[in-house]
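Below, each chain spelled out in residue letters.
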Amino acid sequence: MDTLIRNCEKLSKHQNSSSTKTLLSITQAIEALQTARNNISSGSTPNTDDLVQAKQQVEKAQRQSDEHIRELYTNVSKYGKHVEKAFKLDLSTVGESKAFEDKRDQLGYAILQHFLREGDFILAGEFARENKLDLPQDTKIKFEQMYEIVSKIRAEQHQLEDAIQWTVERREELDIQGNNGLEFTLHRLRFLQLVENGQATDALEYARLWFPRYSKDPGRMDEIKHLMGIFIYAKRLQSSPYAHLFTDQRWEQGARMFAAAFCASMGLAAMSPLGVTIDAGASALPVVCKVSGLMRDRKVEWSQQNELAVEVPLPDSMHFHSVFVCPVSKEQATPDNPPMAMPCGHVVCKASLEKLAHGVRPGTVAFGRFKCPYCPVMSSMADAKKVYF
Amino acid sequence: MDKINIDNMLAIEEPFIKVPLEQLRRAVRHTQKQVERETEAVSAEMAEILKSQYRLAPEELQSKLDGLIERLQTLRQDLERVTQEESQLIQRSKLRAADLHKLKGFESTTQPEFQHWCRQRLDRVLIDYMLRSGNLNTAQRLVESGSLEHFADTSLFAQVMSIESELKDAHSCQGALSWCAENRGALRKIQCSLEFELRLQEYVEMIRAKNTPAAILYAKKHLSPWSDTQMPRIQRAMTLLAFSPSTSCPPYKAMFDEARWTGLANEFRMVIFQLYNLPAQPLLHLLLQTGLSALKTFACLSEDPAEHNRNCPVCQTETLGKLAQDLPLSHHDNSNLVCRITGEKMDEDNPPMRLPNGYVYSLSSLTEMSATLDGKVKCPRSGKTFKLSEATKLFIS
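Protein chains in written order, with this note's numbering: chain A, 1 to 389; chain B, 1001 to 1397.
Bound-form chain B, shown alone (with noise of 0.2 Å):
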C-alpha cells in the first residue's frame, strides 16, 4: 500500500513543533519578570526622589535621574534583542509547520519529492542525535549542506551542554540554579526536585570544605524550604556534619561521592527535555528499534545467507542486524508473498508458482524466463531445470 498514512507522520513531529514554542514562552516569561523587576524599581526610586526633592543638591539630583535614565536605556536595549529572538522564533515555528504541511500534497510513497522530504527528515533526525550526543562538527555540517539551520535545535542544545559541563567539569551548580530560578512554575507543575538536589549538593560540598558554620546557615536557607517532600532526606543531609569525607559508612560515602555530580548533570537533561518536550531517549533510537522490529522477519534470523535479501535492512548483519539481535519480529495478519528473483509482490495479478522442487516463484518471472530458455525455467535456488508447463498454481486464502 503505498498511500501515506499522514496522521502517523506527523505524530512523531511533536517535538520538531513544540521546541520553538516553548522556547519562545520562556523568552516572554523571562521578558515580562525583567519588565516588571525594573519598571517597578525605576518607579519606586522616582517616588523617593518627589519625596526627598528638597533636600537634595542640585547634583545629587541629577546623579540620581541619570542613574534611573541609563537603567531604563539597559532594559530598552535588552528588550531590542528579546523582540529579535522572539520573533525568530515565531518564524522558525511557521517555517517548521510549513514542512510539516507539505506532507499533504503528497500522493504517493514512490513519489520523488516525498522521497526527498523523507530524506531531509532523515537528516534532521541525525542532527538531533548528533547534538544529543555532543557530536558537534557533525551536526553543524549536516546543518549546513542541508541548509536546515531553522529545523535543528542548536541553541537549546548548546545551553543544555554548558551548564552540563559546569556541573560534570567545574562542580559548580551556578547555572543549574539559576535556570531552575527561572523556570520554577514549570518545574513545579511536574514536581521536579532538581533544585533541591542542587542545593543538597552545595551544601555537601560546604562540608567537604570543613566550613561547618556556612554549611548550617546554607542548610536553614536552602533546605529547610524542602521540609514537606524531603524531610527524610534533609535529616540525613544534617546527620552528615557528623561525618568526614573519607568516611566508610555507605549512605554517606554515598553522599560525599564525586559521581553525584554527574548524576546530577545526568538529571538536569531528563529534566529539561522533559520542559522542552523532548523524548528522553533519540528519535533516531526509537525510530530505528521500531523500524527494525517492523522490517524483522525469520527470514533474517536464519544462518543461511541465501534466505538473505540484499536490500533489506535487518540483513545487513554486521550493522542493523546486530542492532535488531534483541528485537521483536515484526506481526503480520496477512500474507505478504515476494518473488526471490524480481523482488515483486505475489498476489491474484501476478501469482505464485510452485515449481515440482517446492521452490516458489511469480509466474511473471518464470514467464520471463522461459522466453529466453525456450520454454524452460531454471530454479536460481537448486539450479534445477524445469519446463514452465510443470509449474503449479498456489493459492494464498
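Chain A on its own, in the form it takes in the complex (with noise of 0.2 Å):
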C-alpha cells in the first residue's frame, strides 16, 4: 500500500504541472488571437502578422496540449499498473448465490437492529421509513435505555454514576455470567478521574468505600496496589509511569464494556452480530474465493454444497460453539456420529468406535475389545461413554 500512496503522490504533481502547462499554451492562443482582434481597425487592411502569429500559437497550444494530457494518461496508467499488482484476487468468481433470493425483509431487520445497536435511532428510522420496515419497539426502548447511559459515559464530563449503579445492582448477575471484570473497570476509570481531576481526597475515599471488596482477589489487589501509588505523582500525571493509563481511548473502551454486559443481561449478543458476521466474512470471502476459482472448473457451485470446501481460520473470539473433528475419521462430529469417549481419556467419534471394534475376528477372546489408537489403553463399545461438548 504505501507503493500506492508513494505513485499516488508522484501522480499527482503530474497532474498538477499537466494540467499547469496545457491552461498555459491554451492562455497563449486565447492572448495572441485577442492581440490580433483588436489591432483590427475598420477600414484598414488585416494585419497578416498578427493572425499568422494567432495560427501559430493556436496550433502550439494543439500541439503541447494533447503532448502533455497524453503524458497524463500513460502516469494514470502506471498508477493502474501498481495498482493491479496490488490486487489479484477476482471476487467475480464468488457468483450468484441464491441464499438471499426473498429474504430481503430479513436482511433489513437484520441490519435495523445493528443501527439500534449502534445507537443511532434517527439512522434506523430512516432506515426503516426507506425500507418500508416497522421498528421493533421493545428492542429500540431496550437499547435507549443503554444510550442513555453510554452517552454519559462518553460525553465530555464523562459521566459514570449511572452505570456504575447500574453495575452494582447487577452484581450477582454479571458475576455468574462472569462479567464481573466491569465493575472493577468502572471504579478505576472514576478513581483515576478523580485524581486526574486534582481531586485526591475524594479519590482517596472513594479507594476506601470500593477496593476493599476485592481484598479476596490476589490478582486485583496487585493492580489496586499499583494504582495507589498514583498519589505521589498527582500534580504531574503525564510525566508518571501513569501515564498510560489516561488515554482518550479509556473512555470508549469503557462504554463498550458496558453495553457488553448490558446487553448479555438483556439476553442480546455482547457484540454486534451484524458486526461479527461481516468481521468473519472478511477472512471467508477471499479463502471462498480462491477455493470457487478452481470449484467453477468443475461446474460447482461454492453456495449449493452442504459443507465448504475449506476450513476459514477465524479468532477465538468468533468460536462460539464447540466443533469436533474425530483425530481418526477426520470427519466433523454430528448427533447421528456422537463423540465418545474412551476410558483413557481419548476421543473419537462413533462410526470411528465401531470400525475399530468390528476389526478384530468375531469368536476370538480379543472381540469388541480393541486398543486405543493413541494410547496402549484397551477399551470396547461397552466402555465408551457418550460426551457432549
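Incorrect hints may have been included.
Covered by chain B, per the in silico footprint, the following chain A stretches (three or more residues, Cβ under 8 Å) [unchecked claim]:
| id | segment |
| --- | --- |
| 1 | 49 to 55 |
| 2 | 108 to 120 |
| 3 | 195 to 203 |
| 4 | 207 to 220 |
| 5 | 263 to 273 |
| 6 | 287 to 293 |
| 7 | 309 to 319 |
Pairs of lysine-lysine residues, derived as DSBU-like cross-links and limited to a Cα-Cα distance of at most 30 Å, are as follows [to be verified]:
| id | chain 1 | residue 1 | chain 2 | residue 2 |
| --- | --- | --- | --- | --- |
| 8 | A | K385 | B | K1345 |
| 9 | B | K1393 | A | K350 |
| 10 | A | K216 | B | K1384 |
| 11 | B | K1033 | A | K81 |
| 12 | A | K330 | B | K1003 |
| 13 | B | K1064 | B | K1003 |
Note that these hints are calculated values from the structure, not bench results.
It should be emphasised that the depicted structure is a prediction, and the values quoted were computed from it without experimental measurement.
Yeah, the Cβ is synthetic: ideal placement off N, Cα and C, and Gly gets one too.
Could you fit the two chains together into a complex? Lean on the hints.
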C-alpha cells in the first residue's frame, strides 16, 4: 500500500504540472487571438502578421496540450499497473448465490438491529422508513436505555454514576455471567478521573469505599496496590509511569465494555451480530474465492454444497460453538455420529469406534476389544461413554 | 489465532481502490478528447481565416475571431473544472490507500484500534449497500456521521441512478447512449453489446409510433454497423416492421414489451459496474454469505435452544439465522472446543473435563465453581451436582 501512496503523490505532481502547462498554452493562444482581433481597425487592411502569429499559437496549444495530456494518461496508466499488482483476487468467481433471494426483509431487520445497537436511532428510523420496515419498539426501548448511560460515559464530562449504579445493582448476575471485570473497570475509571481532576482526597475516599471488596482476589489486589501509588505523582500525571492509564480511548473502551454487559443481561449478543459476521466474512470471502475459482471448472457452486470446501481460520473470539473433528476419520461429529470418550480419556467419534471394534475377528477372545489409537489402553464399545461438548 | 492476515483483508478491498482510479482514467480520456476536438476546430478555422482574410470585411473578421476566442475560453473554463476533479480523485485514491495501509500497524485482532478500523469498514460496506439499493438518505447519514465522504462512491452511484431512471421512467436512451459513446473503447474490450440493445430499443419505439420510414433509416444508420455480430437479431428487427405493437406472436410480442426498459436499465447497471470493478452482487451480500457459512455449525441448526449461543450470529434465529438457512456449514480440519460456561477455548492449557453425566466443561470454570460450592460442581445443563474429583480429563488428539 505504501507503494500506492507514493505513486499517488507522484501522480498528483504530474497532474498538477500537466494541467498548468496545458492551461498556459491555451491562455497564450487566447491572448494571441485577442491581440489579432484588437488590432483590426475598421477600414484598414487586416494585419497578416497578427493572424499568422495567432494561428501559430493555436497550433502550438494544440500540440502541447495533446502532449501533456497524453503524458498524464501514461502516468495514470502506470499508477493503474501498480494497483493491478496489489490485487490479484477476482471477486467475480464468487458467483450469484440464491441464498438471500426472498429474504430482503430479514436482511433489513438484521441491519436495523445493528443501527439500533450502535445507538443511532435517527439512522435506524430513516432506514426503516426507506425500506418500509417496522421499527421493533421493545428492542428500541432497551437500546435507548443503554444509550442513555453509555452516552454519559462518552460525553465530555464522562459521567459514570449511572453506569456504576446499574452495575452494582446487578452484581450477582454479572458474577455468574463472568462479567465481574466491568465493575472494577468502572471503579478504576472513576478513581483515575478524580485523581486527574486534582480531587485527591475524594479519590482516596472512593478507593476506601469500593476497593476493599476485592481483598480476596490476589490479581486485583496487585493492581489496586499499583494504582494507589499514583498519589505521589498527582501533580504531574502525564510524565509519571501512570501516564498510559490516561489515554483517550479508555472512555470508549469502558463504554463498549458496559454495552457488552448490558446486552448480555438483556439476553442479547455482546457484540453486534452483523459486525461479527462481516468481520468473519472478511476472512472467509478471500478463502472461498480462491477455492471457488477451482470449483468453477467442475461446475460446482460453493453455496450449493452442504459444507464449505475449506476451513476459514477465525480468531478465538469468533468460536461460539464446540466443534469436534474425529482425529481418526477427520470427520466432524454430528448428532448421529457423536464423540465418545474411551476410558483412557481419548475421544473419537462413534463411527470410528465401531470400525475399531469390528476390525477384530469374531469368535476370538479379543472380540469387541481394541486398543485406543493413541495410547496402549484397551477399550470396548461398552466402555466408551458419550460426550456432550 | 489472533494474528491479522493482511493479504486476505486487502484482497476484498479491490473496488475500494480501483473505483477512483477508473474515474480518473475516464476524466483524463474525456479531457483528451475535448481538447483535441476544440483545438483542432479552432486551428482549422484559423487556417480558413488566413486564406480568406482579404475577402472579409473587418467586422466579419473580428466577429469570427471573437467566436474562436469564446470557444477557447469555454475550453479553458472546462479544463479548470476538470483539473479540480482530477486532483480530487488523486487525493481520494491516496486517502483510501492510506486507510488500508493502517492495517500493517495492527498486531492482533483484539487491539481496539483494529476493531475501530473494522467498524469503519462495516460502515463503508453498508454505505455501498445503501447506495446500490437507492436508500440515499440512510447512505448520506452514514457518510456524515462517520466522515466517510472520501470512502463512499456517491457521485458514481448518482450517475448510475440518473441514467437508470431515464431508461426506466422516462423511456429514453439518450443518457445511456452518450455514456456508451464516451466509453466505446472500454465497452469493445469487454465485448459488450449494450449500445446495440439501446439502438434496437429506439428502433422499436419508432415502429411503435408508426414512424416506419424513420425506423428504416435508423436501422440503416445504427443497426447495420453491428451486422457481423448481431445479424440474426437485426433480421428479426427488420421483420418486426410487419407486425403491429399489439401482436400476440411470441418473439415479436416480446420485442414490443415495455418491460424491456427495465431490462435495459439492469444491463446498464451490470456493465457500468463491470467497467468500474464493482462486484455485481453487493459486497455486503458476499461478506454476509461467506461469513455466516464460516460461523455455521450443527449446533446452530439444533431445535434445542440450549444448543444456541447468545453471541453467535447464526443463532439469531429471526434475522441472520434465517439468512444462513440455505448456506453451507463451516468446515473444520481440527477440533475447536469452547467451554459452555465461560466461552473460552478448551485445550492443553485449559483441558476439557467430563462430568459423570457426560457433559463437558473447562477445568478452569469447574475449579472456580468448586471454590464457591465447597468442592462440588453443578452442571448448568442438567442441574446435577457432582464432586470436582469425579470429573475426568479428556484428550482431543
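Hint check:
no., hint, verdict
1, 49 to 55, "holds (count 4)"
2, 108 to 120, "holds (count 5)"
3, 195 to 203, "violated (count 0)"
4, 207 to 220, "violated (count 0)"
5, 263 to 273, "holds (count 7)"
6, 287 to 293, "holds (count 3)"
7, 309 to 319, "holds (count 11)"
8, K385/A with K1345/B, "holds (23 Å)"
9, K1393/B with K350/A, "holds (19 Å)"
10, K216/A with K1384/B, "holds (28 Å)"
11, K1033/B with K81/A, "holds (23 Å)"
12, K330/A with K1003/B, "holds (25 Å)"
13, K1064/B with K1003/B, "violated (71 Å)"
Comparing the model with each earlier hint shows violations of hints 3, 4, 13; every other hint is respected.
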